[in-house]
Every structure is written in C-alpha cells, then in structure tokens.
Amino acid sequence: MRCSHTDWLSWSQRGWTLIALVSFLLLGISEPAGAQLADLIKKAAGENEIIFQISEPRGKYSTAQVEQQLSDLVQKRFGVEVNIKFNFALSFPAAAARTLTEIKTGSYPSYDLMYQTTGTAIGLYRENTIHPVRWRELFNWISEKELSYGGQAIVVSTTFLLPVYNTNLVKPGDVPKSWDELLDAKWKGKLATPIYQDMWPNMAQSEIWGEPRTREFLKKISLQNPVLGRFPEIEAKVISGEVPVAVVTNTWSVDHYRAKGAPIAYAAVEPVIVFVRLAFVPKNARRPSAATLVASTLLTPQGQTILADGWAASSLFQPNTPAAKFAAGKKLALPNVEFEKEKGLALQKEYERIILKR
Amino acid sequence: MRLSKALAPVLTVAVLATLYVLAPLLATFWIAFLEGVPGSGYYTIENYKQVLTDSFGHRALWNTFLFGLPTTALAMGLAVPLAWVVSRTDLAGKQLIVLLMAVVLIIPGFVQGMGWSVLLSPKIGLINRILMGSTGMSEAPFNIYSLWGMIFVQSLNLVPPAFFILVPVFLGMDAILEEAGYLSGANRRRVFLRINLPLALPAIAAATIYVLVLAFSLFEIPAILGFPHRIFVFSTMVYVLTHTGSGIPEYGLAAAYGSVLMILSVFLTRQYARILREGHRYVTISGRGRRAGVLRLGRWRGPAVAAVSLYFLLSLGLPLLTLVWLSLIPFLQTPSVESLSTMSFDNYVNLLHLVGLDPFVNTGLIILFVPLAVIFLAVPISWIVIRTQVRARFVMDGLVFLPTAVPRIVLAVSFLYLGLVIRPFFPVYGSVYFIAGAYIVMYLSFATRAINGAITQIHRELEEAGRISGASSVRVILKVTVPLLKPALLFSWLWVMLLAFREVTVALMLNSPANMVLPVLIWNRWNEGRLPEAAAVAVLLTFIAVLLMMIGRKGLERMVMPGIA
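Chain order of the listed sequences is Z and Y.
Take the first sequence: its letters are residues 1 to 358, numbered as in this note's numbering.
Take the second sequence: its letters are residues 1 to 565, numbered as in this note's numbering.
Worth flagging that the hints you see were computed from the coordinates, not collected in a lab.
Note that beta-carbon positions come from the ideal geometry of N, C-alpha and C, so glycine has one too.
Just to be clear, a hint being listed does not mean it is correct.
Dumping the calculated BS3-like pairs for lysine-lysine here, alpha-carbon to alpha-carbon at most 27 Å [said to hold, decoys possible]:
{"hint": "1", "chain 1": "Z", "residue 1": "349", "chain 2": "Y", "residue 2": "49"}
{"hint": "2", "chain 1": "Y", "residue 1": "49", "chain 2": "Z", "residue 2": "104"}
{"hint": "3", "chain 1": "Z", "residue 1": "186", "chain 2": "Z", "residue 2": "145"}
{"hint": "4", "chain 1": "Z", "residue 1": "357", "chain 2": "Y", "residue 2": "123"}
{"hint": "5", "chain 1": "Z", "residue 1": "145", "chain 2": "Z", "residue 2": "330"}
{"hint": "6", "chain 1": "Z", "residue 1": "260", "chain 2": "Z", "residue 2": "177"}
{"hint": "7", "chain 1": "Y", "residue 1": "123", "chain 2": "Z", "residue 2": "186"}
{"hint": "8", "chain 1": "Z", "residue 1": "177", "chain 2": "Y", "residue 2": "123"}
Label pairs and their in silico Cβ distance ranges [stated by the list, open to error]:
{"hint": "9", "chain 1": "Z", "residue 1": "174", "chain 2": "Y", "residue 2": "342", "range": "53 to 61 Å"}
{"hint": "10", "chain 1": "Z", "residue 1": "171", "chain 2": "Y", "residue 2": "205", "range": "57 to 65 Å"}
{"hint": "11", "chain 1": "Z", "residue 1": "329", "chain 2": "Y", "residue 2": "428", "range": "52 to 60 Å"}
{"hint": "12", "chain 1": "Y", "residue 1": "546", "chain 2": "Z", "residue 2": "319", "range": "36 to 44 Å"}
All chains should be built: construct the whole structure from the sequences, respecting the hints.
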C-alpha cells in the first residue's frame, strides 16, 4: 500500500500529538521540582513561626542568637521570614513520647520540627507519625545517604558516645582502654550510666557485639551499682568528682566542659557508638512548610556551621567535618534503622529493665 | 442543716467543683485499663495484673512505706512543737519565723535535694569532707543517697504544710478552757496534755493525714536523691513508666499504680471523716469567751530558740547557701581557693537573655489565678461538708481529697489526655491555664482541710443567730462565717499561692513551649547539666518568694498574729 504525503503527515501529526499528550500527562503527574518548592515557600510565608524541638545550644552564641542565625539563613536561601523558637524543655525521649501521644490522640503536635536520634524517635517512625517530605526532589543539596527513616527524615549531624572520666581522680594508667575494662571490680560503685538505653542497640547488631554480648555487658554494668542520670547529669557528677567514670556519654559535651576548664576527658575505646541525629517534621504539624525549609537549611554548609558552632555537631557523612575527622580510622557502631525499627524498642526496654533492676 | 432550696447556690458551686475534681480521677482509672498510647490503645486488665505481680512495683511500694511513714513522723514531730511555740508562747521573732517557714515552703523540694546532695554526698559532700578531714575517718559518715537521706530532707520539707495547718488552730483556742484547767490546779504541762492537745487532735490528725499522703506521692526529692541510686518509690517508678527511653510511655500501667494509691487515700479519708463527724466535741471558738493567751517559755526559751534555729539552718540556711555558691561558679565544684577565683555573677547577668520573660510572666499568672479560684471553690465545699446533713457530703469531701493521694505525675497524665481530648472544643491544652486547671484540682484539698478544721471550731450558734434573724444561708456564710474564717482563708490563699509557685512535677508533665514556669526552668537547667544556672534561678525564685511574703506580711500579721507588734 502506498502512503501518500497526506497520510504521512497525518501519521506524523498523530505521533507528535501522542508524544505531546504523554508529555503533558507526565508533566502533570510529576510537577517540576521548582514549582513544588515555590509552592512550599509560598505556604511557609504564611506560617511565620516554628517551634523547633532541639537540645540547647552550648556554643559561643546564645540561644536567641542561634535562632536568629538560622532564621537569617532561611531568609537568605528562600526569601521567607520564619521566626524560629527552640524548645528544649523535654529530653529527647520525653519529647518523642509527648509528640507520639499528641498525634495518636488526633491532635497536632507541640513541635513543628524535631531533632532526635534514630533511637529516640524510632517510635514515631514505627507508628507512621512523621510528615512525608520529598527531601531530595525539593532540595538538590540533600544526598541519598543523608536520608533516614525511609526517606522521611534527614541526617543533620552525628555525635559520638564513649566512656568519660575525671582527670583528677583517674590515673592515666587506669583509664579504660576497652568497654570491658569498665566491668573491672575496681569500678564497682564508681560508675555513672544513662537512664535511657537508646545507644546500646547500636552494639547489639550482629556485626558489632551482637545481642547476647550486649545483654551480658549491661547485666554486669548493672552489678557495678552505677549511679543513674541523663547525660548532662552524669557529666556533672563526673566533673564534680562524685563519680570518677561515666560508662557512656556524648563526647561533644566533654569538649564543651573541657574548654571551660573542667577536669573531664573521654576514653579512647572502640567501637565508638554513633548517634545519628535527624531532623523531621512530625505529622499534623501546624507549620509543616516552614519547618521543612528550616530543616533543609541544616544540611547546607552554612547550616552545618551553625550546628557546629551551637552544638559542636557536624555530620560524619559530610566531608572534612570535625565529625568526619574524628570518625576517620575508628571502628564505629552506627545505628541501623531497620534493625532499630524491628528490634530497637524491645531491646531498649530490656536494657532499661536491666539497668534499673526492674 | 438539712437540704433545702436556700442551699442551692452553695450546693451548686460545691457539686460543680467536685465534678471538676472527679473528671481527671476517673480518667486515671479509664487510662489504667488501656494499653498503648491513648487514642489508639485497647482495653485490657494486664496493667492491674502487672501491678499485682511485678516485683519492681512491690519493691517500690515497700520503699514508699519505708520512706513515707518515718518522713511523716519526723515532719509532724517537728511541726507540732514549732506551731505551738510560735502560736502560744512568748517566743520572740514570730513574724520572722512565719516568714522563714513560708520561704522553706516555696523552695521546690528538688532544689533542697540538690543542695543537700552537694553537702552530704559521700564522695564530694562538703560536710562529709570536713568531718573526715577533722576526725580522720576513712569513710564518709553520711550518705544522702539513701532512704534515710531522702527521709531527712523530705521531712524538713514537709514541716511547713503541717505548720500552716496547725497555727490557726492553736491560735484559735478558747482561753476559758485553759483557765478552767489552771484554776483546778493543773500545771502548764498537764493543761497542754489534757486540754490543748486533745482539742487540737482533729487538726493534728488532719495535718498528719495530709503530710502522710504527700510523703507517699511526692516526686522531687526521691527523684534527686533516690532515683540515681535505684531507690524507687511509687512516684519515681511512675516517672520511669511515663518517661521510658523506648518512646512509647506506659500510661496505662502508670495509671494502674496511681489508682492503687487512690485506694489507700480512700482508707485514710474515711478515718479523717470519722474524726470530723466527732468534730462538735472540739469546738473552741464559741459565741462566748476569748482567744487563749500567750504562755511564758521561761527556762525553755533557750532550747526553743536553739531548736527553731536548727530547723531553719537545716531546711533553709545550708541548702540556700549551697545554691548561692553554685550560682556564682561556672560548674559544680566544692569550695576551694581555686574555685573561689572562678566566682562571678555571669549566671544571673545572662539569665533573662537566655530564658526571656515568659517563665516569669507565666508564673505570675499562676499565682494570681489559682489561689483565688481554689478559695472560691473550697468555701462552699467545706461549708456543705461541715454544716449540712447532705448525705453525700463526706463523699464530696473524700473526692476532693483524693487528688492529694494521686501521684502528681499520674494526675498530670490524666490531665494531659483530657486536655488533648477536649482540645478541638476547648483549646486550653498547652497554655498556662492548663497548668492552672491542674493546680486547682491538686490544691483544693489543702484549702478544704484547713477550712474544714476552722469551720469545725466555729460553733453553730453563731450562724444560727444569723438565720434566726432572717438572713439567707448565703448571707450567713458571707457575713458571719467567712469573717470568722479569715485566718484560715488567708492561710489557705497564701499556702496555695506558695504551693503553686513552687510546684514542678505537674508543670513539667504539662509543659509546652507556651507555658514554661520558673520551677520547671530550674528543673530543665539542672537536667541540662547547667547546675549553676539552675541555682541562679532557684536563688531568684527564693528572692521573689521572700518579696511576696514581705508584701503580704502586714496582712498576715493582722489576721494571724493578733496583738503582736
């Protein structure tokens, strides 16, 4: 059959029409990222203010100054004025529990943006109470490795946990060189340990210690009659000399106190427990758009500087950061979110019972 | 007085107030049958099964008794003689003693705990180090992190509530009864034992029950001194359950334990009600007679002054000095030449800059609103309980008293949940009025205890005279009863204001970005490891409390200490 010119044109037109139609449909389903971001910015402009749950800054700037720095960064990057109010009234676990309760009862959470560890917020993740954000589609500076909780949260910093000791009370030769040295009889009645056990599931992974060894370790720690407290409390007890050694606490706190002249240092044991700290928007947040913009800025170089200045926090997943330098060459006990999701809560509960002698 | 239309206004207020108190109590039982997060949980009896079988809970219960009973005995052993000496003897400086007692009251318990932990910590405690250094002991003689350490600090802390319940009662005793005793040849000791003490028994019993229930349910000092060393009592156990690090609080189990304490309170309340029913035998203020006079201490003056001074040194002086020291240094350290060089006022200078005005404004709103609301609701309830023959009056009284027995953390959990449920209709959750609403429930019982005891001592004939003259019941209450209740009302108002000023547990549980109050600020500073800043806020809080006391001092003296220049 011969195709006439007219026929060809007709087929050509049909083809282009089909291509245009498909393209139109595709464009309609996957709106360009720029348009999504523009929409987000527009919504954020109407939200004005966010409540950001985070620990208190301890750097050279005051809380108000750090809030302003972050607000200025958001203004500069997105042209939106967002008034940021930090709230550190509750501990991370208490804040997570409060938020979970508020959302589960059908209400909106007190916080618009949260800064938690993968362990403390695992309940929120498990209960599907995190506001979904397409982080990578919206913000091209966020890489795949900076996503967590199934893409719902972003990794903004990492902190390290090690045993710490009072440098006036513990001789250099007695400084623990391994975790197991904490089980030595000489430390009985002379240890402090955290109330919350969200760091130990890191060690319970099979590629680190495994569950049996971690359980055994904590049972023996419990027999050492440790003093209990939150991180800042046990750090204060070590500094004052009330307790010479803390089983585990944040190294960034130690650096902060040492800069003020406190007699405290951390023991170089391995593996180093890593807290991966996330930022995410809880479900039903009243100001999700503004919160999303603020969270995204934390992963910009300027945002990382603010975190470093305020909390001595940086991400080891970013190159050349203090965290990356500290972690280089060390064996790390990083959290595995899926392991935490499956077993983390049950393990935390079990370890809590061991340490509290429940 | 029998139930009649004339009672309707008073009865309505009393019933509504009782229902308001009842709601969170019922919610406690409701939550106790839930597993999981409220709103998405399921009904179960597993929580109560665990209460019966959990050895941890049994241990905490046992510790609660071991802690609560001696604490109460010690607190009452100090409060009764202190109240007597202040109200009935010629001891000098009574106004100052009342002022200092109020200051002890308003210092949050955990702050005293902090102070004593620095003083009597076995490793770094200042007193221990001085004693070991001067005597050569190898082990510290005192360990504040023990059950006895907790008892010691808590009993000092619980003297003021009993003191403020007893002083108006001792002051209001009728001189005629004592004079009759003296005329019969009895000496002062005999008159005290055979006349004054029996007459004061209802008030002493009421104060003892109140202190006992407080001792069973308080959180702050067990949290500071016991929790870190795994000495758990009910309140700290409940705190563990609702602040688990696993992210899902055990509200149901916490509520189940809380309901167990409520049952104990019901038992105690029944005993209290029995004492009240025999109240007419303890009338001291009648239509005749005058208030009892002042007794001379004579050779007992020295020991009395020493005892009062020692009490304030232990309850106020030493902890406060420790706080002042802590507030002037950058981190916790014992006084030394080296640490003296680090002293500065930085923690005070930076305070407003760090925390803003909100905690001060919120605290001001609380102390203005809560006492007025409590007095307004307490007077009708007490009047109905004491003066009428309404059948359910003792049930009403018992219900109002129940929140005292409920660990405040558990009450806070109930409030938290109810606040969330009503949020769409009544968005009070998260506001400072949310905390105020919880405080009204908590402190109504104190006001009713004080006012019950005071009404008991007013003979009915005074009110009957008013009714015979044609006045309505409401008019009689306002014109006859309330003026006679002024000392009790003023003390209740002051007491509730001070309690609300220093309360931390409920405010902590109901804390939100918008309702931070000063005591929670202190707690948060401490939990963030910023002890010097916590101490600075605590010193500031004490200063504000003393200021409040000084402002209300003249009114207090006129109403409470008549005839004292």
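* Asked: Can you list which hints this structure breaks, lowest number first?
  -> The structure breaks hints 3, 9 and 12; every other hint is satisfied.
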